[in-house]
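Asker: Based on these hints, arrange chain B on the given structure of chain A.
Number of protein chains: 2
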Amino acid sequence: MFKRLGRQTVQLPSCPRVVSYAGVAGKKEGEGPLKERFDYISEDSYFGEKTWEKAESHMIRQCFSLACDKAGLAPSALDYIFAGDLLNQCVSSSFAMKDSQVPYFGLYGACSTMAEGLALAAMAIDGGFARTTCAVTGSHFCSAERQYRFPLEYGGQRPPTSQWTVTGSGVVILGTSGSRLKITHVTTGAITDAGIKDANHMGAAMAPAAHRTLRAHFADTGRSPADYDAIFTGDLGAVGHDILQALFDAEGVKLGVNYMDCGVLMYDLSTQDVHAGGSGCGCSASVLGAHILKAMEAGVWDRVLFAATGALMSPTSAQQGDSIPGICHAVAIEREAE
Amino acid sequence: MFKRLGRQTVQLPSCPRVVSYAGVAGKKEGEGPLKERFDYISEDSYFGEKTWEKAESHMIRQCFSLACDKAGLAPSALDYIFAGDLLNQCVSSSFAMKDSQVPYFGLYGACSTMAEGLALAAMAIDGGFARTTCAVTGSHFCSAERQYRFPLEYGGQRPPTSQWTVTGSGVVILGTSGSRLKITHVTTGAITDAGIKDANHMGAAMAPAAHRTLRAHFADTGRSPADYDAIFTGDLGAVGHDILQALFDAEGVKLGVNYMDCGVLMYDLSTQDVHAGGSGCGCSASVLGAHILKAMEAGVWDRVLFAATGALMSPTSAQQGDSIPGICHAVAIEREAE
Numbered sequence: 033m034f035k036r037l038g039r040q041t042v043q044l045p046s047c048p049r050v051v052s053y054a055g056v057a058g059k060k061e062g063e064g065p066l067k068e069r070f071d072y073i074s075e076d077s078y079f080g081e082k083t084w085e086k087a088e089s090h091m092i093r094q095c096f097s098l099a100c101d102k103a104g105l106a107p108s109a110l111d112y113i114f115a116g117d118l119l120n121q122c123v124s125s126s127f128a129m130k131d132s133q134v135p136y137f138g139l140y141g142a143c144s145t146m147a148e149g150l151a152l153a154a155m156a157i158d159g160g161f162a163r164t165t166c167a168v169t170g171s172h173f174c175s176a177e178r179q180y181r182f183p184l185e186y187g188g189q190r191p192p193t194s195q196w197t198v199t200g201s202g203v204v205i206l207g208t209s210g211s212r213l214k215i216t217h218v219t220t221g222a223i224t225d226a227g228i229k230d231a232n233h234m235g236a237a238m239a240p241a242a243h244r245t246l247r248a249h250f251a252d253t254g255r256s257p258a259d260y261d262a263i264f265t266g267d268l269g270a271v272g273h274d275i276l277q278a279l280f281d282a283e284g285v286k287l288g289v290n291y292m293d294c295g296v297l298m299y300d301l302s303t304q305d306v307h308a309g310g311s312g313c314g315c316s317a318s319v320l321g322a323h324i325l326k327a328m329e330a331g332v333w334d335r336v337l338f339a340a341t342g343a344l345m346s347p348t349s350a351q352q353g354d355s356i357p358g359i360c361h362a363v364a365i366e367r368e369a370e
Numbered sequence: 033m034f035k036r037l038g039r040q041t042v043q044l045p046s047c048p049r050v051v052s053y054a055g056v057a058g059k060k061e062g063e064g065p066l067k068e069r070f071d072y073i074s075e076d077s078y079f080g081e082k083t084w085e086k087a088e089s090h091m092i093r094q095c096f097s098l099a100c101d102k103a104g105l106a107p108s109a110l111d112y113i114f115a116g117d118l119l120n121q122c123v124s125s126s127f128a129m130k131d132s133q134v135p136y137f138g139l140y141g142a143c144s145t146m147a148e149g150l151a152l153a154a155m156a157i158d159g160g161f162a163r164t165t166c167a168v169t170g171s172h173f174c175s176a177e178r179q180y181r182f183p184l185e186y187g188g189q190r191p192p193t194s195q196w197t198v199t200g201s202g203v204v205i206l207g208t209s210g211s212r213l214k215i216t217h218v219t220t221g222a223i224t225d226a227g228i229k230d231a232n233h234m235g236a237a238m239a240p241a242a243h244r245t246l247r248a249h250f251a252d253t254g255r256s257p258a259d260y261d262a263i264f265t266g267d268l269g270a271v272g273h274d275i276l277q278a279l280f281d282a283e284g285v286k287l288g289v290n291y292m293d294c295g296v297l298m299y300d301l302s303t304q305d306v307h308a309g310g311s312g313c314g315c316s317a318s319v320l321g322a323h324i325l326k327a328m329e330a331g332v333w334d335r336v337l338f339a340a341t342g343a344l345m346s347p348t349s350a351q352q353g354d355s356i357p358g359i360c361h362a363v364a365i366e367r368e369a370e
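Sequence order for the protein chains is A and B. Offset between the first sequence (1-based) and the numbering used here: plus 32. Offset between the second sequence (1-based) and the numbering used here: plus 32.
Check before you lean on any hint, since a few could be wrong.
What the hints assert, rightly or not - Residues of chain B clear of chain A, computed beta-carbon distances all greater than 12 Å: (1) Leu-98; (2) Gln-189; (3) Val-285; (4) Asn-290.
Stated by the list, open to error - In the SDA-like style, the derived pairs of lysine to any residue whose C-alpha atoms are separated by at most 20 Å in a straight line are: (5) A:Lys-229 to B:Asp-131; (6) A:Lys-35 to B:Cys-47; (7) B:Lys-67 to B:Ser-77; (8) A:Lys-326 to A:Arg-49; (9) A:Lys-82 to A:Pro-183; (10) B:Lys-59 to B:Asp-76; (11) A:Lys-229 to A:Asp-354; (12) B:Lys-60 to B:Gly-188; (13) B:Lys-59 to B:Glu-75; (14) B:Lys-35 to A:Ser-209; (15) B:Lys-82 to A:Thr-348; (16) B:Lys-82 to A:Ala-350; (17) A:Lys-82 to B:Pro-347; (18) B:Lys-102 to B:Tyr-72; (19) B:Lys-67 to B:Ala-330; (20) B:Lys-35 to A:Pro-45; (21) A:Lys-35 to B:Gly-160; (22) A:Lys-35 to B:Ser-108; (23) B:Lys-82 to A:Gln-352; (24) A:Lys-35 to B:Arg-49; (25) A:Lys-214 to B:Gly-160; (26) A:Lys-102 to A:Ser-209; (27) A:Lys-82 to B:Gln-351; (28) B:Lys-35 to A:Thr-208; (29) A:Lys-35 to B:Arg-163; (30) A:Lys-82 to B:Lys-229; (31) A:Lys-35 to B:Ser-46; (32) B:Lys-35 to A:Ala-109; (33) A:Lys-82 to B:Thr-348; (34) B:Lys-214 to B:Glu-370; (35) B:Lys-35 to A:Arg-163; (36) B:Lys-229 to A:Asp-131; (37) A:Lys-229 to B:Lys-82; (38) A:Lys-82 to B:Asp-354; (39) A:Lys-229 to B:Thr-83; (40) A:Lys-35 to B:Lys-35.
If you are wondering where the hints come from, they were derived from the structure by calculation, not from laboratory data. Don't be surprised by glycine CBs; every beta carbon is placed ideally from N, CA and C.
In isolation and in its complexed conformation, chain A is listed as follows (with noise of 0.2 Å):
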């Protein structure tokens, strides 16, 4: 049986199930609008540990097991472990998964690593090759700010079009059965390079990747923004989301209200002093492991497309003058009718 929708869409026949989920962020995300809906604030940047990065490992390996609980499942009951995350050679992931004994395939998909994930975990499912799969990411600020732009001590000004990078981790576990939330379709990115060359700019340099991946997405799917009830991209923040409207108002499309960037949630904007809204691995992944799967689950919304954004450039890249290429996948989940 071929699943292809189209040039880049699968739809997933078996549509596999979401058995779990968690959503944990740091103090400055603790504070934001979300607050209530996290598993788990830890009021410590460190988390425990003596190193930024151990701190990151820490808060991932705490979701995962968070999430595991929840299911009732022993982490050795996963068939495989999808993930990624920021730092170099994606140590905060793999030291978090390490003692895990699961099957683990490691990723790099920059911020849209949970989409990714959650990508490959459900196609594992539907393909026959697994029962029960995971999907892994978190990013931290201490780490990023160091590994991608300055000390944290030299205390930098940052332009109004940059972003925040989010201490947070989800994870979400996926299986042949489960919730009433099922993933239906996968819409896989291809790279998608606008130019952008400022790396306090990345909402300008993923908004492109994402407005080809949505629409591939409508396209192969042969339905319209109007058919989802919510819309969420990773972490365009508030610059990118206005650029990938104006992308789609200059097709005539209309987003429309549903439409909401994860960047854009996770800070209030007006007083976090954030600039233009979270970014990093953990942005759109803690609000789907927080927020958008238990709404979902309570009835809020029935049918979401959760569209994470990545800027796939490093420190090394930028500084010998190359552009900054995004990607976007998306992955529609529905609830089941009762």
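Answerer: For chain B alone, coordinates are given in the frame of chain A:
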């Protein structure tokens, strides 16, 4: 249809076919025992570019083009690319593929990337999600050296257990039909940490992961080493090769003379001053793309187990005193009788 055999292995009933493949190498690799096997050997370590990172990207793009050309396929005919590399944020593979327009799954599997990509590329076809997929990776001695170790100009001494990062790239294109070579099984590795902390002793860090994956493969499939005409690990080098043999010997299992390591095959260890042998994503990838698949087509081996190995550490994790977790993914490849 549930395709899982045991804890780590899946059997692929549709047996995705190898459509084409290519292997490209640098000058030093082109002076080794496999010199007649590569599709292209660059005399210029910069591959015509201005930086080592761009050179690595150029080499990967070139290898990808060669594989597409051999298959008579435009890149746009591919349904998915699975790609990754060793550079921070995997920029050499993402920049190499950024203009391909193909739905892209970014991977981080360190030096195991070719087996990880081949596994997922085969599963995407077997699951009905794609007709044509591609696994892409590579590494470059100079970009790896300055990222992981020292500036080249420093000329640091290397201990006898150290390995030499291969300048090379490998690409394999899979399809629902193609050559007589087919992918029959995938054994996905779990992360294995033997507690090794010496970054100049990667063979010791990765051999336990290879041992675990190969043992799982034999247990899950009911096969033994003697069922394979050849078993290749990725880049254990001479030291890791012997450790793996000793681990199996201790269990009374003989890997036999059909067991080889790509890092040992790549260089003449007695004359090329690479100490324990080759390493890097490009090591097993270019040996697969330039040598193993070609030899299988020529009838040298009918059944091969390709088990690429990776070390999931970063310079930061090493500096923070962490051990070096290893991973190994194995893919079984068979030549169909005429």
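Asker: Next, verify each hint and record whether it holds.
Answerer: Do the hints match the structure? See the list:
{"no.": "1", "hint": "Leu-98", "verdict": "holds (20 Å)"}
{"no.": "2", "hint": "Gln-189", "verdict": "holds (24 Å)"}
{"no.": "3", "hint": "Val-285", "verdict": "holds (21 Å)"}
{"no.": "4", "hint": "Asn-290", "verdict": "holds (25 Å)"}
{"no.": "5", "hint": "A:Lys-229 to B:Asp-131", "verdict": "holds (17 Å)"}
{"no.": "6", "hint": "A:Lys-35 to B:Cys-47", "verdict": "holds (17 Å)"}
{"no.": "7", "hint": "B:Lys-67 to B:Ser-77", "verdict": "holds (16 Å)"}
{"no.": "8", "hint": "A:Lys-326 to A:Arg-49", "verdict": "holds (14 Å)"}
{"no.": "9", "hint": "A:Lys-82 to A:Pro-183", "verdict": "holds (16 Å)"}
{"no.": "10", "hint": "B:Lys-59 to B:Asp-76", "verdict": "holds (7 Å)"}
{"no.": "11", "hint": "A:Lys-229 to A:Asp-354", "verdict": "holds (7 Å)"}
{"no.": "12", "hint": "B:Lys-60 to B:Gly-188", "verdict": "holds (19 Å)"}
{"no.": "13", "hint": "B:Lys-59 to B:Glu-75", "verdict": "holds (5 Å)"}
{"no.": "14", "hint": "B:Lys-35 to A:Ser-209", "verdict": "holds (17 Å)"}
{"no.": "15", "hint": "B:Lys-82 to A:Thr-348", "verdict": "holds (13 Å)"}
{"no.": "16", "hint": "B:Lys-82 to A:Ala-350", "verdict": "holds (14 Å)"}
{"no.": "17", "hint": "A:Lys-82 to B:Pro-347", "verdict": "holds (17 Å)"}
{"no.": "18", "hint": "B:Lys-102 to B:Tyr-72", "verdict": "holds (13 Å)"}
{"no.": "19", "hint": "B:Lys-67 to B:Ala-330", "verdict": "holds (18 Å)"}
{"no.": "20", "hint": "B:Lys-35 to A:Pro-45", "verdict": "holds (17 Å)"}
{"no.": "21", "hint": "A:Lys-35 to B:Gly-160", "verdict": "holds (6 Å)"}
{"no.": "22", "hint": "A:Lys-35 to B:Ser-108", "verdict": "holds (18 Å)"}
{"no.": "23", "hint": "B:Lys-82 to A:Gln-352", "verdict": "holds (9 Å)"}
{"no.": "24", "hint": "A:Lys-35 to B:Arg-49", "verdict": "holds (19 Å)"}
{"no.": "25", "hint": "A:Lys-214 to B:Gly-160", "verdict": "holds (19 Å)"}
{"no.": "26", "hint": "A:Lys-102 to A:Ser-209", "verdict": "holds (15 Å)"}
{"no.": "27", "hint": "A:Lys-82 to B:Gln-351", "verdict": "holds (13 Å)"}
{"no.": "28", "hint": "B:Lys-35 to A:Thr-208", "verdict": "holds (14 Å)"}
{"no.": "29", "hint": "A:Lys-35 to B:Arg-163", "verdict": "holds (10 Å)"}
{"no.": "30", "hint": "A:Lys-82 to B:Lys-229", "verdict": "holds (18 Å)"}
{"no.": "31", "hint": "A:Lys-35 to B:Ser-46", "verdict": "holds (15 Å)"}
{"no.": "32", "hint": "B:Lys-35 to A:Ala-109", "verdict": "holds (17 Å)"}
{"no.": "33", "hint": "A:Lys-82 to B:Thr-348", "verdict": "holds (13 Å)"}
{"no.": "34", "hint": "B:Lys-214 to B:Glu-370", "verdict": "holds (13 Å)"}
{"no.": "35", "hint": "B:Lys-35 to A:Arg-163", "verdict": "holds (10 Å)"}
{"no.": "36", "hint": "B:Lys-229 to A:Asp-131", "verdict": "holds (17 Å)"}
{"no.": "37", "hint": "A:Lys-229 to B:Lys-82", "verdict": "holds (18 Å)"}
{"no.": "38", "hint": "A:Lys-82 to B:Asp-354", "verdict": "holds (12 Å)"}
{"no.": "39", "hint": "A:Lys-229 to B:Thr-83", "verdict": "holds (18 Å)"}
{"no.": "40", "hint": "A:Lys-35 to B:Lys-35", "verdict": "holds (18 Å)"}
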